[in-house]
Amino acid sequence: MSAPVFVFTGGFLSPFVITHIATNIGSVIVYTHNRNLAKHTFLLLLISYVGVSLFQITGIIPVYIPYAEEMMQNRSFFVLVTGIVSLIIIASYVLINALNFRVHQMLDEMSAAFFSIVKGTSPVAGTNFFNHLVKSCTDTLHVNRVILGELVNNDKILNIFVQAGLDECCHNKGTDIEIGNTIFERIINNGELILEYGENLPEVDKWLVNGLDHWSIFGVVLRDSNGVPIGIFCVVSENNITNKYLINAVISVFSSRAAAELERKRIDERQKQTEQQLTQANKLNVIGQLAGGITHDLNNLLTVGMGYTNMLVGKIEKSTQLHMFASQVLSTTKRASELTSMLAKYLRKEKIETVPIDLNNLVNDTVLFMENMISKNIEIVRILSFDSMKIMGDRTKLQNVLMNLIINARDAIGKNRGCITVKTVLSVLESESALLQNFQIEPGTYCTVEVSDTGTGMEEETIEHLFEPFFTTKPNGLGTGLGLANVRGYIDIHRGAIEVKSELGKGSCFRLYFPLIL
Numbered sequence: 001m002s003a004p005v006f007v008f009t010g011g012f013l014s015p016f017v018i019t020h021i022a023t024n025i026g027s028v029i030v031y032t033h034n035r036n037l038a039k040h041t042f043l044l045l046l047i048s049y050v051g052v053s054l055f056q057i058t059g060i061i062p063v064y065i066p067y068a069e070e071m072m073q074n075r076s077f078f079v080l081v082t083g084i085v086s087l088i089i090i091a092s093y094v095l096i097n098a099l100n101f102r103v104h105q106m107l108d109e110m111s112a113a114f115f116s117i118v119k120g121t122s123p124v125a126g127t128n129f130f131n132h133l134v135k136s137c138t139d140t141l142h143v144n145r146v147i148l149g150e151l152v153n154n155d156k157i158l159n160i161f162v163q164a165g166l167d168e169c170c171h172n173k174g175t176d177i178e179i180g181n182t183i184f185e186r187i188i189n190n191g192e193l194i195l196e197y198g199e200n201l202p203e204v205d206k207w208l209v210n211g212l213d214h215w216s217i218f219g220v221v222l223r224d225s226n227g228v229p230i231g232i233f234c235v236v237s238e239n240n241i242t243n244k245y246l247i248n249a250v251i252s253v254f255s256s257r258a259a260a261e262l263e264r265k266r267i268d269e270r271q272k273q274t275e276q277q278l279t280q281a282n283k284l285n286v287i288g289q290l291a292g293g294i295t296h297d298l299n300n301l302l303t304v305g306m307g308y309t310n311m312l313v314g315k316i317e318k319s320t321q322l323h324m325f326a327s328q329v330l331s332t333t334k335r336a337s338e339l340t341s342m343l344a345k346y347l348r349k350e351k352i353e354t355v356p357i358d359l360n361n362l363v364n365d366t367v368l369f370m371e372n373m374i375s376k377n378i379e380i381v382r383i384l385s386f387d388s389m390k391i392m393g394d395r396t397k398l399q400n401v402l403m404n405l406i407i408n409a410r411d412a413i414g415k416n417r418g419c420i421t422v423k424t425v426l427s428v429l430e431s432e433s434a435l436l437q438n439f440q441i442e443p444g445t446y447c448t449v450e451v452s453d454t455g456t457g458m459e460e461e462t463i464e465h466l467f468e469p470f471f472t473t474k475p476n477g478l479g480t481g482l483g484l485a486n487v488r489g490y491i492d493i494h495r496g497a498i499e500v501k502s503e504l505g506k507g508s509c510f511r512l513y514f515p516l517i518l
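If you're matching positions, the sequence shown starts at 1 in my numbering and goes up one per residue.
Derived from the structure by calculation, the hints contain no laboratory data.
Since we're looking at a predicted model, the values are computed, not measured.
Treat the hints with caution; some may be incorrect.
To be verified - In silico BS3-like links for lysine-lysine, alpha-carbon gap of 30 Å or less:
| hint | residue 1 | residue 2 |
| --- | --- | --- |
| 1 | Lys318 | Lys334 |
| 2 | Lys376 | Lys415 |
| 3 | Lys334 | Lys397 |
| 4 | Lys244 | Lys135 |
| 5 | Lys135 | Lys265 |
| 6 | Lys135 | Lys156 |
| 7 | Lys415 | Lys506 |
| 8 | Lys423 | Lys390 |
| 9 | Lys376 | Lys501 |
| 10 | Lys501 | Lys423 |
Work out the full structure, taking the sequences as your base and the hints as a guide.
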């Protein structure tokens, strides 16, 4: 007699199939949850929690016994074998039950998380979007701290513009974080990063987990539509990350939404800056059209006035009060004539002849010339690059630019002891850094001249109006407001840019960019 076959099934084998197997193979023992098969001999009922056929989970397990008749007669041996097999099936059932429960639990968590994401971010856009996103992430993942930052300054600085939970632990840290040799640099290099408590966290990053006895960190880089890193999304929890799949899935959704909105924010900022450039150009064009028509006639009238006033001064005795009044009229008229001439020069579209210029030589010659105009209380320092600093430019115009900036630096220091530093260096501007204070220039390598001082510094509002015609911070009568306007015009002609940084009480730095020629 052939050996009996043990078949484990969830009920997909019909009684006909079981009978067929028994007829052609021999004794069959079937473990199933199908009560219709109860008439078969040695049947053990087993109901699956998930309702999935057991043979799909464990496979069909045949057990062959050499002496079937002896086994059938030896009830104890048969019970032992069937008991062992039954324990295997029961263990499988328990495992399936536990796995199924956990799967349903994870699905519930995922559903709740994604519902929270949609609810927290869909109704808002613009500035409020990021605040809602961070709050939604904090509530969904039950984390202590969330950081959303934008990469700036050639990806060297992380500007944390939205955060949650940091105020209580690192209120003095500031919003601009240098990412060199930090966890943020690792996130950028790896794309994402998970750190658990006990893993190596550099001292420079300890502020992230300050005040937490245990911690876990999950960070992911934000990329634009071209795959370029533009920001970082990072969460810090006082609990271990037990469900990395859930955390990864939820943060992937959050980070994707954040990256898309951050890219849109950048596009909007570029558009606004372009519109500001166009508005400024239109203003200057209107000023040019209005002023260009009257400067020539006004200067002629002032020339006549100066002539008659000069004659009047010559005929009046110097000791009289009338002579003093006439002299003041003459001085004021000359000043008005000079101002009108400067305005006409500013409005005139001058043509320049550019030639190859060594910027180091130009800076050196200009500083040597200006040293005689700088008082003894001010030190002027030159720091020249060893790199080639060849540019195409008009030497006279560029000297005027440097002289103007050095004079402004001198006036900012005043009678105090101070220092003016003129420095040349090569700079590489990438796509995101090529938009400098309303100057749109192409990415590439630029020869840079920095004119910095230790003067009084400027407020942000002052910097915004710095290059507008007739805007000046100098006392009445000491400034025309056209110096930096002319500087900007010359920089535009040379296809360059100006970057201004200043801090009240510490000084200012004007950085000029000129395209390098090879």
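Hint check results:
1. Simply put, Lys318 and Lys334 have alpha-carbon atoms about 19 Å apart, close enough for the 30 Å limit, and the pair holds.
2. For the proposed pair Lys376 and Lys415, the alpha carbon gap of about 10 Å is at most 30 Å, so the pair holds.
3. Restraint check for Lys334 and Lys397: satisfied, since their Cα atoms lie roughly 25 Å apart, inside the 30 Å limit.
4. Taking the CA atoms of Lys244 and Lys135, the gap is about 20 Å. The hint holds against a cut of 30 Å.
5. Our distance criterion of 30 Å between C-alpha atoms is met by Lys135 and Lys265, whose separation comes to about 19 Å.
6. Of the supplied pair hints, the one linking Lys135 and Lys156 holds, its CA atoms being roughly 27 Å apart against a limit of 30 Å.
7. In summary, the hint linking Lys415 to Lys506 is supported, as the alpha carbons are separated by about 15 Å, within the 30 Å threshold.
8. For the suggested pair Lys423 and Lys390, the alpha carbons sit about 15 Å apart, so the restraint of at most 30 Å is met.
9. Taken as a hint, the Lys376 and Lys501 pair is honoured in the structure, with Cα atoms around 26 Å apart against an allowance of 30 Å.
10. A threshold of 30 Å between alpha carbons decides the hint, and for Lys501 with Lys423 the separation of about 15 Å falls inside it, so the pair holds.
In this structure, none of the earlier numbered hints is contradicted; all agree with it.
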